[in-house]
Each structure stands twice: as structure tokens, then as C-alpha cells.
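Colleague: Residues per chain, in single letters:
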Amino acid sequence: MTTPTGTAEQPTTSPRSGLWSRGAGHYQSVGEWWILPAAIFLVVFFVVPLVENAEKSIALSQLLRPGTGDGYYLKLFTDPYYLWVIGQTVILSVGVTAICVVVGYPIALYLVRHAGRWSGLVIFLLIAPLLTSIIMRTFGWRVLFARRGLFNETLMDIGWIERPIAFLNGPVPAVIGLVHVLVPFMILSIASVLRNIDIGLEESARLLGAGRIRTFMSVTLPLSLDGIGTGAILVFLLANGSFVTLLLLGGGSIQTLPLLIYQQFNTTRDFGFASAMSNVLLVVALACLYLQLRLIRRRGVKGG
Amino acid sequence: MKDRSILKGLDRRQVLAGLGAAATLPLMPRTALAADVKQITVTSYGGIWERAIRECFVTDFKARTGVDAEVLIGGPPQWISQIEANKDNPPIHVLVATPDSAAVAVKAGLVDPISVEKVPNLANVPQQFIDMALGHGAAFDYGAAGLAYNKDTVKNPPKSIKEFVERTIAGEWKAGLPTISYAPAPQAFVWSFADALGGGVENLDPFFAAMQKMRPNVVFWTGVTDFLNLMDAGEVDIGVYYDGRTWAHYDTGKTYIDFINPEEGGVMSPVCTMKVKNAPEIAWEYVNSMLAPGPQAEFAKILNYGVTNTQVQYDELRQKRITPWEKTRFPPNDRIGELLPAWTERWNKEIGA
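Just so you know, the protein sequences line up as chains R and P, in that order.
When you line the first sequence up against our numbering, it's residues 1 to 304, in that order.
When you line the second sequence up against our numbering, it's residues 1 to 353, in that order.
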């Protein structure tokens, strides 16, 4: 840490506190109670609702099947249909995350290393779609994938197909829609890490005889794993909980837990089952998050 | 340094006093708050419906009472959940709901019983439209769910639901059908088709068998305006839809669209208006506006839906467009409500969410 005078020094740690505030030219320890507002906020708006949600899923289940507290969970984990939905939720989230890495990394690299004075414009273009409603963006894809949409018209014009393909009934538009919505999070996460990599390290590798690909694989990529990890976590969690895109694209070809949760609230009003599904979704997300962090750490990069 | 605090000029004691006063607001008698009501919150579906609600009912209510009405867009299940979450101080004061949702609201104790004393215009509403809301409101308009189609691409339209199903399976057109997540779909689509194909509320097998065969030629829609977007984009040629909304779309210049009341009869699809329990008493006046002949006639003119006040005289065009209620089928709403979770699960497993 650097003081206002420019000299590097380590703050004197107090056994009672790890929090610091800057006083007149030096750092002072502050009490733990500074985190109290944030802690209260988290407890009231996150922990309490979670506990209530769990309690509700069991209480309503008992009402439905007296003497048991596991009716909904039993159904979720024994009915092949619901197991298939849980699996599809995870596969979709992992798939979308992987596509975002593949699509996003080159753009992040271009942004940091080659965009130069255009980098502001590239960042604006990345962020601009986020300023539009997700529903508008999703409807845009529906127009493009429609029977008389741009893709079908183009494919027919160049003679690749004779009649329009029913894109909207398949999973492809849904995956593309999700990637479109989520890839900016991946790009910005990777770019922020790439920007901090000392370019001298890559130049040293090149001077020592490594080619472009070897330099990238041995130096740039490993050093940017933190960015990929952060982006992957963000994209995975957002994909895991998204339902608007899947509601409007894919024609029901992809069924995920968020879609079923929405349905329990909107159609059947079975709040207990919705609570049980949301708890399962949370646990699945946490398990995947844990695995991702383990994977990143095993690759030799410090975890978050 | 300049003090930018919003609390500038207030000492700690004043701030605490203010917070204390705010904390006691929920404890005050409701009548004290209701006496000074400046605005109530009412509900509406989206699209052309919202415009009609604002122009016909909100305008009349505001002119008569001086109280404004904020219009909340959405659907009955969502609104009922919002009211249930805060029964003592409901965020919604007048609920519009399909009969199945109205039954849920009544059974959950979320709405007040209606009477002519509270709503004078109720005197001119036939009893059957009050019974639909279980005496806790009344249907103020109705549509018929039949088939809307594109005259340019469907030259020889089907006359019945049965014919529509057979020709969809044959791949004569792309059909737009609602998903089960669309609130009125269980009555307007699932029950209607099961009934037309020889099944019924207790037997959906003919419906699901037909759906499996129709699926390759079907695009699902999730909301009322969604179907029109699909029609405009050329994504579907025909589908399950309402008479009123079809004509409203026609009137916007989309003259390619037409409506068929199938031989089996379109599905009676009324919308009820209900005052939410613990809402300010002035909300009854809004319900009264919704049942008044003047605003209802205007509503019918904009939406081309039938209305329920017997004093309303339709103009010539509306007489031609509005499906007479005698030519509709009344779905067994109560039983459908009971079976809905099972129907939804079967739909998910056999057709998709």
C-alpha cells in the first residue's frame, strides 16, 4: 500500500480488526461495526428470505402430504422429468459460459492490445446493448429468426434452402439470445485482467524464441485465467437464473428450472413447489460455482 | 467543504422524530388515510387494452371523483401474488381478473363482496356476469376465443376447431398457439380443443394427442400482443385468438387479419372487476365506472369486445364484430382451476414449457 508521501508501507494490523480508514496521513484501524449496515442489509434481504423460502417449501409440502416434509424435493429428485430439467439447466449454463469465453476472449484481446484510440468506441458498443431492454433485444432475435426473417431469406436467396427453417422452435435462437445478453460481462471481465498483464512478459517470451501461439498459450492465457474465471462465474450465474430469453426464444425446446419456477408463480400458484425448485437451483448454482473455483485454483491461479 | 447531505439543516432529533412518525403510519386507521386518497392503483392487460382502460374508465373515474388512478400492467396471477404479499396494505386497489383468477382471489379472501349499494351500475348487469366473480365483482366485458387468420395466406379458412387441427397436422399453415403459461390458455385453448375433439375437462387425451401431431407446424406465443407480432412477421398464418383484439389490430391498418367464431363456439372469456380488500372505499367508484354504460360503450368501440351493462347500445360495426354470448361456450372454470397443476405438469412433460 502507498501512503500519500509515496512510500510503500504495510499497515500495522490490529488483532481485533482487519478494516482500515485513512486518517491524517496514516491508516487507522476501525471497529468491526462498520460492516454492520452491509451485514444487516444482507441478513434482512438475503438470508431471511432464503430461510423463509426453505421453510415454506417444506411447510407447504407437509400440507400437501401430511407426515412428510420432503414431498416437493422427493418429486424433484425422483421424477425423471425434473431431473432432466435440472440437468438441462446446468448444461445450458455451462454451454453458454463456454461459448461466451470463446466469443469474448478474442474481443477482449483486441480491445486491450489493438483497439488503441478506438477502445472507447469498442467499450461503448459492448455496453450499448445493455442499455436496451432485454425483451427488446430478445424480440429482435425473433424477427431475425422468423420464417420471413433475415436468416431464412438470406439462406433462400443463396439457394441453400428451399423452404424456411423453423428456427424459432429450436434451441439455437435461445442460446444465441443468451450469449448476446451475457457476452459483455465476459469480455469486460477478461479485458480488465488482460490490461494488467505486463506486456514485457510476452515480449520476453517472443525474444526467447516462442512463436505467437506459444506465447499466448504459455504466457497470456494462464495470466488471464483470473479474468476468465470471474467472467465465467458471472455468466454462469446469470445464465442459470435467466428465463425471459428462454420464455421468448426456443419455442419450449429448452426447459429450465427458472422457467418452471415462473410457471409455478404465474400459472399454478404452487408457491411451495416454486420455493423447492428455487432452493434446488441455488444449491446447484453453488455446487457449480465451487467446482469452477476449484478448477481455476488447480490451474495455478489464485482464486477470488 | 460544502455539505451536500440531504439532511442538511435537520438535527438528529428532527430526523429521529420524522422516522418515528413514518414508522407509525401503518398503525393509523385506514379510514384516516383513505379520506385523503389522491390516487388509487388499478390493473390492466397490456397493448390496446391499456389504452382503452385509461381512456374509458380512468378518465370517467377521475372526472367524477378528482382522484387519479395509476394503471399497473400485467396479469391476474401476478397481481394476486402482489396483493397476497401485503394484504393489510395492498399495492393494488382494483383487480381485473379472469373467472378462474377471480375465484382464487375470492377463496384467498383478497376481495370484497359487491352490491348495488356500493356499485349502482351493478343493477344493469345480468346476474350470470356477477356469478362469474362469485358475488365479489362482476364481468365488465367479454371476448370470444376463436381463430384469427391471415386472409392473404389462408385463402380457405377452417370453419371449426376440428378442421383447424386436421389441417394444421397436414401442414397447410403455421399455427400460433398460446403456451400454458399464458393465463387464459387453460380455458381458451386446452379445454376448448379437448372439448371440440371429443374429450373434456376430465379427459385431455384427445387434446394432447392432437398437439403431438400439430407440434411441427406450431409456434407458441406467450402473451396477447406476442401473437400479433408473430402474425405481422409472417411467422404464423392462423391461431387461437380473441375476436376483440383481432378487430383492434385490423383497425390499426393490418387489414390482412380476420376472425372466425368456430362452429363449436368460441370460448366465453370474460374479465371481472373486483375491489381489493383493505383498498380505499373510493375504489368502488372505479368499479362503478367500469360497469357504467357510457365508458363501457367507449370500451367496446376501442376493443370490439362485448360489454355487460344492458343499457349499452352497440353501433352497427360493433354489432357485426362482437360475438353474441349465445354463440360461445362457457368453460367449467372452477374445475379447470382445480386441475390446473396437473394439466400444467402434463403439458410440461409432453409438450414443453
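Heads up, some of the hints might be wrong.
Said to hold, decoys possible - Here are the simulated lysine to any residue pairs, SDA-like style, with alpha carbons at most 25 Å apart:
{"hint": "1", "chain 1": "P", "residue 1": "K162", "chain 2": "P", "residue 2": "G199"}
{"hint": "2", "chain 1": "P", "residue 1": "K277", "chain 2": "P", "residue 2": "G74"}
{"hint": "3", "chain 1": "P", "residue 1": "K62", "chain 2": "P", "residue 2": "Q212"}
{"hint": "4", "chain 1": "P", "residue 1": "K87", "chain 2": "R", "residue 2": "V143"}
{"hint": "5", "chain 1": "P", "residue 1": "K213", "chain 2": "R", "residue 2": "P171"}
{"hint": "6", "chain 1": "P", "residue 1": "K162", "chain 2": "P", "residue 2": "K107"}
{"hint": "7", "chain 1": "P", "residue 1": "K87", "chain 2": "R", "residue 2": "N53"}
{"hint": "8", "chain 1": "P", "residue 1": "K151", "chain 2": "R", "residue 2": "R269"}
{"hint": "9", "chain 1": "P", "residue 1": "K107", "chain 2": "P", "residue 2": "K151"}
{"hint": "10", "chain 1": "P", "residue 1": "K107", "chain 2": "R", "residue 2": "P171"}
{"hint": "11", "chain 1": "P", "residue 1": "K87", "chain 2": "R", "residue 2": "R269"}
{"hint": "12", "chain 1": "P", "residue 1": "K301", "chain 2": "P", "residue 2": "Q212"}
To be verified - To spell it out: a stretch of chain P is covered by chain R in this simulated footprint if at least three of its residues, at any positions, have a beta carbon under 8 Å from a beta carbon of chain R; those stretches are:
{"hint": "13", "region": "112-118"}
{"hint": "14", "region": "252-258"}
{"hint": "15", "region": "337-351"}
In case anyone wonders, no lab produced these hints; they're calculated from the structure.
Note that the Cβ used here is the ideal one computed from N, Cα and C, for glycine as well.
Colleague: Taking the hints in turn, state whether each one holds.
Modeller: Against the structure, the hints come out as follows:
{"no.": "1", "hint": "P/K162 with P/G199", "in the structure": "12 Å, holds"}
{"no.": "2", "hint": "P/K277 with P/G74", "in the structure": "20 Å, holds"}
{"no.": "3", "hint": "P/K62 with P/Q212", "in the structure": "50 Å, violated"}
{"no.": "4", "hint": "P/K87 with R/V143", "in the structure": "42 Å, violated"}
{"no.": "5", "hint": "P/K213 with R/P171", "in the structure": "20 Å, holds"}
{"no.": "6", "hint": "P/K162 with P/K107", "in the structure": "36 Å, violated"}
{"no.": "7", "hint": "P/K87 with R/N53", "in the structure": "19 Å, holds"}
{"no.": "8", "hint": "P/K151 with R/R269", "in the structure": "39 Å, violated"}
{"no.": "9", "hint": "P/K107 with P/K151", "in the structure": "44 Å, violated"}
{"no.": "10", "hint": "P/K107 with R/P171", "in the structure": "40 Å, violated"}
{"no.": "11", "hint": "P/K87 with R/R269", "in the structure": "17 Å, holds"}
{"no.": "12", "hint": "P/K301 with P/Q212", "in the structure": "39 Å, violated"}
{"no.": "13", "hint": "112-118", "in the structure": "violated (count 0)"}
{"no.": "14", "hint": "252-258", "in the structure": "violated (count 0)"}
{"no.": "15", "hint": "337-351", "in the structure": "holds (count 6)"}
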